[in-house]
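Student: Its first residue numbered 1, the sequence shown is counted upward by one per residue in the UniProt record's numbering.
No lab work stands behind these hints: they were computed from the structure. Check before you lean on any hint, since a few could be wrong.
Claimed, not checked - Computed cross-link-like contacts, BS3-like style, restricted to lysine-lysine with a CA-CA straight-line distance of at most 27 Å:
no., residue 1, residue 2
1, Lys251, Lys183
2, Lys183, Lys162
3, Lys204, Lys130
4, Lys204, Lys184
Please read these numbers as outputs of a predicted model, since none were measured by experiment.
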Amino acid sequence: MVFSVKKFHHYLLGYEVIFHVDHYSLKYLVKKGDLSGRIARWMLLLQEFNITVEWRCGSQHANADYLLRLQQEHGGEHTNVGDWEFLDENLYNANLEDYERSWYEDVWRFLINQEYPRLFNREEKLIFLKKVGPFEIRGHTLYHLGMDEVHRSCLEQDEVPKVLRALQREMEGGHFGIQTTAKKILAAGYWWPTVFRDVAAYVKACDPCQQTGRPTASTRWPLIPILPLAPFEKWGIDFVDSIAPASRRHKRYVLVAIDYFTRMVEAEATRRDDATTVAAFLFE
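All chains, full assembly: derive it from the sequences and hints.
Tutor: Quick look at the structure:
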């Protein structure tokens, strides 16, 4: 259940979902109030969705057994699930429809007819006027002048996913991380306002990109500092070396000691930077 919810959460949000399970204990766990450990974390994840668990004995799960034993028409071999085309890639197309207005259409209309977007107040018009500065129309194409003084062709909303797929399928393309994919798009001469954000959404929904890209989660444990609780409990000692020219007494090093609690500093010029010098300094 937890795996399916994580995998298909974009389909489940906002809908009533019924899980038909052959494990009767799941009904008890979902309704149990006193939970701890890993099961408690699972239940917190499931509470985000409108889920109902219904028990059904294993012999009645004929539809699930059929999917597990799905065969091809010829040859009688099992279908390789890895060859199926899932809809994760198409989820990116739905995100493009979230824009309230088409920025491309607004910029084009202003450059042609000097017409501002509707319902803009005076302040919004001034902001829009500054944003339109890098744009120009050449022929029937809208171009954007980047900070690198390169003109790039602007893409409309429905062209973005097509370009992303085309760049991956070309011979010089491939499945890479967010930064590399975005740079390849800019190098190919394309631009739109949310190129990095949209590339990030596309790469996260692309399974080959996730398999070939570098892991983003750090595996290093966080550092735990040792905090001093009293003066002179913890010291930091080091040399400042290669001081030129040396002093009249041929001292070219400075031994510095700092108390971590009071931040008190002690320093002394020395001729050598060895352990004997440090021991003598601490003893004095």
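Student: Please flag the earlier hints that this structure goes against, numbers listed from lowest up.
Tutor: 1, 3
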